[in-house]
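S.K.: Sequence:
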Amino acid sequence: MRQNAAPAAVWVRLLGPVTVASGGEWRAVPGLRRSAVLAALALLQGDSVSVDRLVDVVWGDRPPRTASDTVRNHLSYLRRILPEGAAVVARPAGYALELSGGGVDVQVAEDLIGQAIRSTDVRQREDRLRTAIALWQGPPLGDLTDMVWFDSHAQRLRRLLLQARRLLIDARLELGEHRYLVSELEELTREHPLDEQLHGWLMTALYRSGRQADALEAYHRLRITLDEQLGVLPDIALRDLETAILRQDPALAPPPTPAAVAATSPPATAPVRATVPAKLDALDFQLITTLQIEPRADWQRIGHVLGVTPGTAARRWARMTEAGMAWLSCHPMRIPEATPMVSVIEIECVAGQTQAVAAEIAQDPHIFTANIVTGSRDILIIAAFSDRDSLTRYLDNRLGVLPGVKATRSSLAGALHSEGSRWRLDRLEARRLAGLRPHRTDNVGARPLDPADMDIITALAKDCRRPIAEVAEITNLSPSTVNRRLSRLESDRSVAYRCDVAQADFGWPIEVCLWADIAAEHLPRVAAQLSGMREVRFCATLTGPNNLMFGAWFRNIEDCSDLEARVRRQIPELVITDRAVTLRSYKIGGNVLDPQGRLIRRVPIAPWQHDMPGRRPQLSI
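Mind the numbering: the sequence shown is residues 945 to 1565 in the working numbering, read in order.
Among the hints, erroneous ones may be present.
Each computed EDC-like pair below joins lysine to aspartate or glutamate, with the alpha-carbon atoms no more than 16 Å apart [said to hold, decoys possible]:
id : residue 1 : residue 2
1  : LYS1406   : GLU1417
2  : LYS1350   : GLU1417
3  : LYS1350   : ASP1340
Just the calculated beta-carbon pair ranges, DEER-fashion [claimed, not checked]:
id : residue 1 : residue 2 : range
4  : GLN1192   : GLU1140   : 32 to 40 Å
5  : GLY1488   : GLY1255   : 48 to 56 Å
6  : THR1425   : VAL1066   : 53 to 61 Å
To be clear, the hints were calculated from the coordinates, so they are not data collected in a lab. Even glycine gets a Cβ: it sits at the ideal position worked out from N, Cα and C.
Kindly produce the complete structure, drawing on both the sequences and the hints.
M.R.: Okay, structure coming up:
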């Protein structure tokens, strides 16, 4: 007789969006409050959790009258959808989550970090910590942090991640990996400007990398910050470290490093994430293109268009998104009572400070793109502001006082003819295109936006594929209201969806921006011609010494020359005056990238930030 196979191990992920995995396939739990009930049971695994406590967790001190019944319904629903090997069981004091052969990622991370702390073997310590850090797949507890109980747990888990990163830095310094730590430590010291231990590690890593002057400059910046904000001097240990660097104390020399470590250690700035797919195929390219055309299409229709099952399409997408190779985002094209003002800003940096400046401004909510480039400028950014005063304040009060910025030049985009949300990765056959309903952007409406519209855009900024019912729950609007408003936002171009990819992974590793001059009477026709070219992703009319700018992606650098030759043949009246090749892209479409061009976090576009009176949408992710 054939025996039944044992159920696959079941895992619950809380270190990122709340999801459940069985057999290696991750699935989200539909509904914000259902996810909250599951997350609470997972965080309190082993304890019996009463219905009253779950009500407090989900609604706080203002639950609706039907809260207890709603929680019981959610528990019943979880019983039905959880895979075999996981169960919500009733106990005398309440309910508990039981997982056979799997577990909760938070508990695994805590165990690994505890093992690392107790280990006396530095290699073993490093391995445990890397494995633990890899479990974080995004902000802990995802969208649940708007609930007070979960927010406190999310803060604890963020501190746990910082502790693990600190321990890993210490272990890697001991292993002689200082050169790979500099970028990560620079980012951490920007995030924690008063943390003396991080600054000490940065000084050590810089000095061991042969950058004595930069190590002393890091100490100088910290001393000024501590004096201005706290009125104190750096700790005595840090002052002694400065003296040792000045004396080039032999005790600061790096430990002996095996050649294999130097040859194989990856840059520390690369995030630890899911395994990158070994090979992308035609289906992956077609899936991305389908989502670029209709980003909110359900998996059943996407599967029908591509000739695969809905599950196959969803798994392909999950594989690429977990590796940071592809992502969806959403941003407003207008704001209440205004259309965002788009500006192209060129930044010249102090020698040695370009990467630090680019990483810093990539966190600003006004910035669409931020690239380190070749040519007469060091950094090129495209940003949106609510008005000219907002742009002026940004130039003066942000860039004008940012350490490392030497000079800026700005131009306004008089008209935006094409941008990244309209670019397509692949060309679908006509029969496949027939099954899609493209997101229309040809009717620009003048209807003013209101706070409810902005709340809907805010909810979609974290995941533009969110179901209408979930958006309604988040915004406290009815599903029919959300559906009606969202249709109107889409039809009048008040919201833009984007499906972006890591350039190198998908075969378009080269990005070039070109400036040109053209007689004003030819601008509309020429802009349309450029926007229709396969490689061109961005085209705008500028106010400045050059009145046209366009950006393109290429498969290799030689293709840029081919495009220029084609432009000269087809548009002889256009004169290309300057060009800049991207050396590293720090941000695209409001998304921060790692050195490989893969997504590491989102900083949603908010042109109204600090400028919009009254109630402001909270877009932080």
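S.K.: Could you run down the list of hints and mark each one as holding or not?
M.R.: We went through each hint and held it up to the structure:
1. LYS1406 to GLU1417: Roughly 15 Å between the alpha carbons, so the hint for LYS1406 and GLU1417 holds.
2. LYS1350 to GLU1417: Judged against 16 Å, a Cα distance of about 47 Å means the pair is violated.
3. LYS1350 to ASP1340: holds (12 Å)
4. GLN1192 to GLU1140: 32 to 40 Å: Because 22 Å falls outside the window, the suggested range is violated.
5. GLY1488 to GLY1255: 48 to 56 Å: Because 51 Å falls inside the window, the suggested range holds.
6. THR1425 to VAL1066: 53 to 61 Å: Check passed, 58 Å falls within 53 to 61 Å.
Checked against the numbered hints listed earlier, the structure breaks hints 2 and 4; every other hint is satisfied.
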